[in-house]
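S.K.: Chains as they are written, first to last, in the numbering used here: chain A, 54 to 434; chain B, 6 to 297; chain C, 12 to 536.
Hints are computed from structural coordinates only; laboratory data are not their basis.
No experiment lies behind these values; they were computed from the predicted model shown.
A portion of the hints provided could be inaccurate.
What the hints assert, rightly or not - Mimicking DMTMM-like on lysine to aspartate or glutamate, the simulated pairs with C-alpha atoms at most 25 Å apart in a straight line are: (1) A/Lys240 - A/Asp196; (2) A/Lys388 - B/Asp42; (3) A/Lys323 - A/Asp191; (4) B/Lys186 - B/Glu274; (5) A/Lys194 - B/Asp124; (6) A/Lys180 - B/Asp147; (7) A/Lys368 - B/Asp42; (8) A/Lys206 - A/Asp230; (9) A/Lys240 - A/Asp139; (10) A/Lys128 - C/Glu531.
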Amino acid sequence: MESTFPEQIRKLALALACMLATREVWADYKLNLTEGVTSISREAYRLHMLALWICVVIAIVVFGAMAWSIYHHRKSRGAVAASFHDNTKVEIAWTIVPFLILVVLAIPATNALIAMNDTSNADLTIKITGLQWRWRYDYLKEDISFVSNLDDKSAAAAKQGSGIDPRTVEHYLLNVDNPVVVPVGKKVRFLLNASDVIHSWWVPDLGFKKDAIPGFVNEIWARVDTPGTYRGQCTELCGVGHGFMPIVLIAMNEPEYLVWLAQQHAASAKARAGGDRTWTREELLAKGDEVYAKNCAACHQPNGEGIPGAFKALKGSPVVKGPLAEHIDRVMNGKPGTAMPPFAAQLSDAEIAAVITHERNAWGNNTGDLVQPAQIKAARK
Amino acid sequence: MEHAASHYYVPQPSYWPLVGSIGLFCLTGGSALLLTDHAAGGSFAMGVGLLIFVGMLCGWFGTVIMESEGGRYNDQVDGSFRWGMAWFIFSEVMFFAAFFGALFYVRHFAVPWLGGSGDKGLTHEILWPAFAATWPLLQLPDASHFTVARQAMEAAGLPAVNTLILLSSGATVTWAHWGIKSGKRRQLIAGLGLTVALGAIFIGLQAHEYWDAYTLQNLRLSSGIYGSTFFMLTGFHGAHVLIGAIMLGVVLVRSIRGHFTPTHHFAFEAASWYWHFVDVVWLGLFVTVYLL
Amino acid sequence: MTELALPHPHDHTHPSGITRWLFTTNHKDIGTLYLLFSVSMLFIGGSFAMVVRAELFQPGLQFVSPHFFNQMATMHALVMIFGAVMPAFVGLANWMIPLMIGAPDMALPRLNNWSFWLLPFAFTLLLATLFMPGGAPSGGWTMYPPLVLQMGMAFPFLIFAVHLMGLSSVMGAINVITTVFNMRAPGMTYGKLPLFVWTWVITAFLLIAAMPVLAGAVTMLLTDKFFGTSFFNAAGGGDPVMFQHVFWFFGHPEVYIMILPAFGIVSQIVPTFARKPLFGYTSMIYAVASIAFLSFIVWAHHMFTVGMPLAGELFFMYSTVLIAVPTGVKVFNWVATMWRGSMTFETPMLWALCFIILFSIGGFSGLMLGLAPVDFQYQDTYFVVAHFHYVLVTGAVFAIIAGVYFWLPKWTGRMYDERLGKLHFWLSTISVNVLFFPQHFLGLAGMPRRIPDYAVQFSGWNMVSSLGAFAFGASQLIFLYIVVRAISGHGAKASAQVWEGAQGLEWTLSSPPPYHSFNEPPKVP
Ligand code: HEA
Ligand code: HEA
Ligand code: CUA
Ligand SMILES: [Cu+2]
Chain A
54 MESTFPEQIR
64 KLALALACML
74 ATREVWADYK
84 LNLTEGVTSI
94 SREAYRLHML
104 ALWICVVIAI
114 VVFGAMAWSI
124 YHHRKSRGAV
134 AASFHDNTKV
144 EIAWTIVPFL
154 ILVVLAIPAT
164 NALIAMNDTS
174 NADLTIKITG
184 LQWRWRYDYL
194 KEDISFVSNL
204 DDKSAAAAKQ
214 GSGIDPRTVE
224 HYLLNVDNPV
234 VVPVGKKVRF
244 LLNASDVIHS
254 WWVPDLGFKK
264 DAIPGFVNEI
274 WARVDTPGTY
284 RGQCTELCGV
294 GHGFMPIVLI
304 AMNEPEYLVW
314 LAQQHAASAK
324 ARAGGDRTWT
334 REELLAKGDE
344 VYAKNCAACH
354 QPNGEGIPGA
364 FKALKGSPVV
374 KGPLAEHIDR
384 VMNGKPGTAM
394 PPFAAQLSDA
404 EIAAVITHER
414 NAWGNNTGDL
424 VQPAQIKAAR
434 K
Chain B
6 MEHAASHYYV
16 PQPSYWPLVG
26 SIGLFCLTGG
36 SALLLTDHAA
46 GGSFAMGVGL
56 LIFVGMLCGW
66 FGTVIMESEG
76 GRYNDQVDGS
86 FRWGMAWFIF
96 SEVMFFAAFF
106 GALFYVRHFA
116 VPWLGGSGDK
126 GLTHEILWPA
136 FAATWPLLQL
146 PDASHFTVAR
156 QAMEAAGLPA
166 VNTLILLSSG
176 ATVTWAHWGI
186 KSGKRRQLIA
196 GLGLTVALGA
206 IFIGLQAHEY
216 WDAYTLQNLR
226 LSSGIYGSTF
236 FMLTGFHGAH
246 VLIGAIMLGV
256 VLVRSIRGHF
266 TPTHHFAFEA
276 ASWYWHFVDV
286 VWLGLFVTVY
296 LL
Chain C
12 MTELALPHPH
22 DHTHPSGITR
32 WLFTTNHKDI
42 GTLYLLFSVS
52 MLFIGGSFAM
62 VVRAELFQPG
72 LQFVSPHFFN
82 QMATMHALVM
92 IFGAVMPAFV
102 GLANWMIPLM
112 IGAPDMALPR
122 LNNWSFWLLP
132 FAFTLLLATL
142 FMPGGAPSGG
152 WTMYPPLVLQ
162 MGMAFPFLIF
172 AVHLMGLSSV
182 MGAINVITTV
192 FNMRAPGMTY
202 GKLPLFVWTW
212 VITAFLLIAA
222 MPVLAGAVTM
232 LLTDKFFGTS
242 FFNAAGGGDP
252 VMFQHVFWFF
262 GHPEVYIMIL
272 PAFGIVSQIV
282 PTFARKPLFG
292 YTSMIYAVAS
302 IAFLSFIVWA
312 HHMFTVGMPL
322 AGELFFMYST
332 VLIAVPTGVK
342 VFNWVATMWR
352 GSMTFETPML
362 WALCFIILFS
372 IGGFSGLMLG
382 LAPVDFQYQD
392 TYFVVAHFHY
402 VLVTGAVFAI
412 IAGVYFWLPK
422 WTGRMYDERL
432 GKLHFWLSTI
442 SVNVLFFPQH
452 FLGLAGMPRR
462 IPDYAVQFSG
472 WNMVSSLGAF
482 AFGASQLIFL
492 YIVVRAISGH
502 GAKASAQVWE
512 GAQGLEWTLS
522 SPPPYHSFNE
532 PPKVP
């Protein structure tokens, strides 16, 4: 620790005063559950409020009785202890009444649960895949798919010792590069699965979270009724990047949604195009640096040294400095049984080529190799 | 003895518990090192730990046997031992329950889901379209990191023979119990000897079965969930047969040395309870692992 | 023949020196060892929590990396649950059960010593992982695969540490059951057993039924990682969710293992200071037994979001909320015990009263979590963190502290300083609410748990919570001081009775009781 102790205290006090005083900290501040923008979320909210008030009333009655006897039946006030220790009628009553209260809660809860489970007759199906630490969205039947990462500004500020104040970053840790977009008023079915470990997809305004489990598919649905941008996060511990895989969902009116769809089709065509030409060394290194920072640095660290015992170093790694085929294989197919995920499905040919080129030339791994998208394309077969 | 039932027996301080803890510490720490690529130090620590642990068992039980033969134990101590053993066996039952539960779960939920039936049908359609759910599960959803078994286990043949062996060993141990109760030491010793022998045959046959599984059938721990559940359940059971047989063996030696009386023979009963427990687990296994 | 070689069992030596503690078969010594072990673990686990709260003091990463943060949260939970709370209850059981039922010792004294001496070794294995390449376990105390399988060197150490802790708990539990079944003084019928003893018998049953299942679960993890099995891997026909089922089959009973003895302690303290017999003794026992039974059929309420079939979700929702009924019976009985009593408010009573209120608050949030459709919103947020700290810290830990104040004079023969005790109480109670109450708001507003850094709108309450945490942690130093003073023989001498309203065999013995007590069975009134 660089700063001295009193200095730290001063800083602490200062920070405290600032934070508790500034308006923006408390500005979009909420104490209660969000009501959300779907029938499911409103159902959950109503149930939450019902349960909350029931608990509050019970608490007032029980703690009230306790307070009464603490006050009136205390020895210092001259209270003399009675000697009763049983009363069957009272005991039966306070067994049955709570039970009835529970029945009152269970009925709406059952109905809500049944409604949430009905994924039939969806207008649109989006497959969501959790990856360490990003989300991939596939619009089934639309041939659109993209990966959604934490946005660059948040990522930069979130680095230890970045010196950037998170409060200056808009939607810190709740912003992504490629948001998922849905049309308003349509029943959207989400299919969840994961490729490495368990993740959980949660947008509070939709009223649910559901786990994304490797090897299995879970279903849930939502019909968003108000256009807007809704933010959420991964809610199942999934490793060091768990706090850094947000979700942004934009609900658009039908016409805008169609425009967005068309853009996506065009963009994916363009992305595929890059894979056909030969890239220069500079292009590859620039692109590779970018891809590395986004996809690999969380584990292997920006300096390529990894985390000993958890994530292997790439600096001086025998795989990176060794035969190209093995390196390509490792990046495309990962290493089963370890945290190293397969990237073949997540990254385009050009991106894989670039990141491998980057690794083979960075941190003193100066192999001088260049890898072209065509080589990756060949390796895919 | 002078200490009548009105007195409690509180043993003197003992170093065996601490020795046992050190033994287990070396054993587990050593295994952990071994598993994480520190083979030399790991196996050394493991070996030392094992020795200490076995030494502790001999020493501790030796003390208990000495105290018992010295007439230290009254009915109350006997009662404590009985409750202790009974609850210990119950804890073992719950250990097996975890693995039986796993078997139940994969057969009734996981494998059918992967195969497209039940609640998670989409799992099949989207992730494993080529997979067909069967049991025993030989064709895996994705076999690339597993060994593919050629053949499942048959219930007829060895397992059926083993069932008969264990059942008859239950009978022989009961016969020995009658012997001890009516003071017929020859019957006791013969019954125990037979039981231990049957146990040994069981283990031998099971080893043979494992050998066949690994070589002929290519059925291994790594053959997917069928191999996993099969070997873990039968393996832990086999280990318990071994422990039970050792317990009975010790009781046999003690019987030969003239320990035990028709009324006072808790060690015998503990070992035989344990044996019956192992027996019952096998019946559960035979039905759920081999037959169904 | 061997008679001569054996030392006489009743020569009542009072062993001394280090070997007294290493080789002891005395329930009081072993109880003391457990309690000392527990308090050191409370401080270690508490320090880990302080690291967590320091990092969460402000948004942005200030002190630790995400990797280390996850290690701290995971180790915090493991150390607190298996190192602090459970051993504390076993320590109290060791000290008090033989005194309460009029037995000279636990039924199996040597086994008792072994149960204790496994723990320091188990925790050596666990804590050593902090210094290994790749660090300590970081996949959460729930150890869900596949994440936990990505762990480096620490992995097998974690598994084996859990095995040893489990062994220790099971043997401790066997000892408690056997003692109560077999060692009661003549006349000490089941209908007369103090509630602390009753709750512990039922807890012991939960331990024996639940801990081996945990051992099985982690064994499957071990073989999945090192021996090629595929229990938790869909590619081989298994299912990662299966681990969660097996784990929570242990895990839910586990949380009641940590609360039932607390109920027992409170049921001893409240009648003492209300000077009135416990209301509804029999219904208290039935309530605890029902809670114990229900605890085995509610486990999947931790898994509402994994995508269970509808019927499963409904079943687990109903069974979960049902637990409110017997728990309510207990709360109502305590209140009825106070009703028309003659109450005084010494430190143990303050903690016990506070337990009743704050535990209930934790219970209420538990009930809300039990409603599956809303749990989809609460699950894995700070609302859950708030829930379980209310039941664990202001529940289990508060009850333990209450018990320590209650029995400390009996153990040491010294009264603690009442003014300091009250100071400790008020500081703790205020700060613990500053610490955990805002976490309800954080959770409802959408802050996930197990994250080292958070969106800016959560910063206000996080800061408040962290300040509460530091204050609460610092308050515990007073506790340490009070206990150390009593142990080292400072303070007024305590009478045998200690508390005016105290009733039961333990209060008929001198304070401190003789090293060997009840060698002749006492007369039970
Ligand atoms: C001592 C520990 C303890 C105790 C006693 C409890 C008690 C309860 N718990 Fe809690 N729980 C935990 C420890 C505990 N829990 C832990 C550690 C976790 C998180 C684990 C992890 O994920 O890491 C957890 C998580 C947890 C979840 C999962 C949340 C999630 O991850 O999504 C749920 C869901 O149902 C739940 C429910 C309950 C319920 C219904 C009770 C009930 O027993 C409460 C009953 C009590 C009352 C209701 C109050 C008193 C009653 C009355 C005054 C009567 C009248 C009341 C009514 C009729 C409402 N708990
Ligand atoms: C019995 C169990 C128990 C106990 C007693 C506690 C006690 C505390 N816990 Fe806890 N906690 C858990 C069980 C417990 N916890 C569990 C099961 C989890 C889930 C883990 C997971 O997600 O896997 C968890 C997770 C958890 C989190 C969430 C982490 C996350 O999700 O990222 C937080 C954050 O605030 C937290 C805080 C605290 C604090 C501040 C205390 C305090 O009460 C601690 C107070 C004690 C001390 C501080 C020690 C004594 C004093 C000193 C050492 C003196 C020095 C201190 C100062 C000078 C300040 N705990
Ligand atoms: Cu993905 Cu947490
Ligand atoms: Cu639970």
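S.K.: Take a quick look at whether A/Lys240 and A/Asp139 sit within 25 Å of each other, Cα to Cα.
M.R.: 57 Å, violated
S.K.: Can the restraint linking B/Lys186 and B/Glu274 be considered satisfied, given a maximum Cα separation of 25 Å?
M.R.: 11 Å, holds
S.K.: Verify the proposed pairing of A/Lys323 with A/Asp191, using a straight-line Cα cut of 25 Å.
M.R.: 17 Å, holds
S.K.: Holds or violated: are the alpha carbons of A/Lys180 and B/Asp147 at most 25 Å from each other?
M.R.: Holds, at about 21 Å.
S.K.: Has the given pair, A/Lys388 with B/Asp42, been kept, meaning a C-alpha gap of at most 25 Å?
M.R.: Status holds; Cα separation ~18 Å.
S.K.: Does B/Asp42 lie within 25 Å of A/Lys368 when you go C-alpha to C-alpha?
M.R.: Holds, because 22 Å separates the two Cα atoms, which is no more than 25 Å.
S.K.: Next pair to validate is A/Lys240 with A/Asp196; report whether the Cα-Cα distance is within 25 Å.
M.R.: Holds - the C-alpha atoms of A/Asp196 and A/Lys240 are around 19 Å apart, at most 25 Å.
S.K.: Check the hint pairing A/Lys128 with C/Glu531 against an upper bound of 25 Å on the C-alpha distance.
M.R.: 38 Å, violated
S.K.: If you draw a straight line from the CA of A/Lys206 to the CA of A/Asp230, is it 25 Å or shorter?
M.R.: 10 Å, holds
S.K.: Quick one, are A/Lys194 and B/Asp124 close enough, alpha carbons at most 25 Å?
M.R.: Satisfied, since the Cα-Cα distance of roughly 23 Å is no more than 25 Å.
Checked against the numbered hints above, the structure breaks hints 9 and 10 and satisfies the rest.
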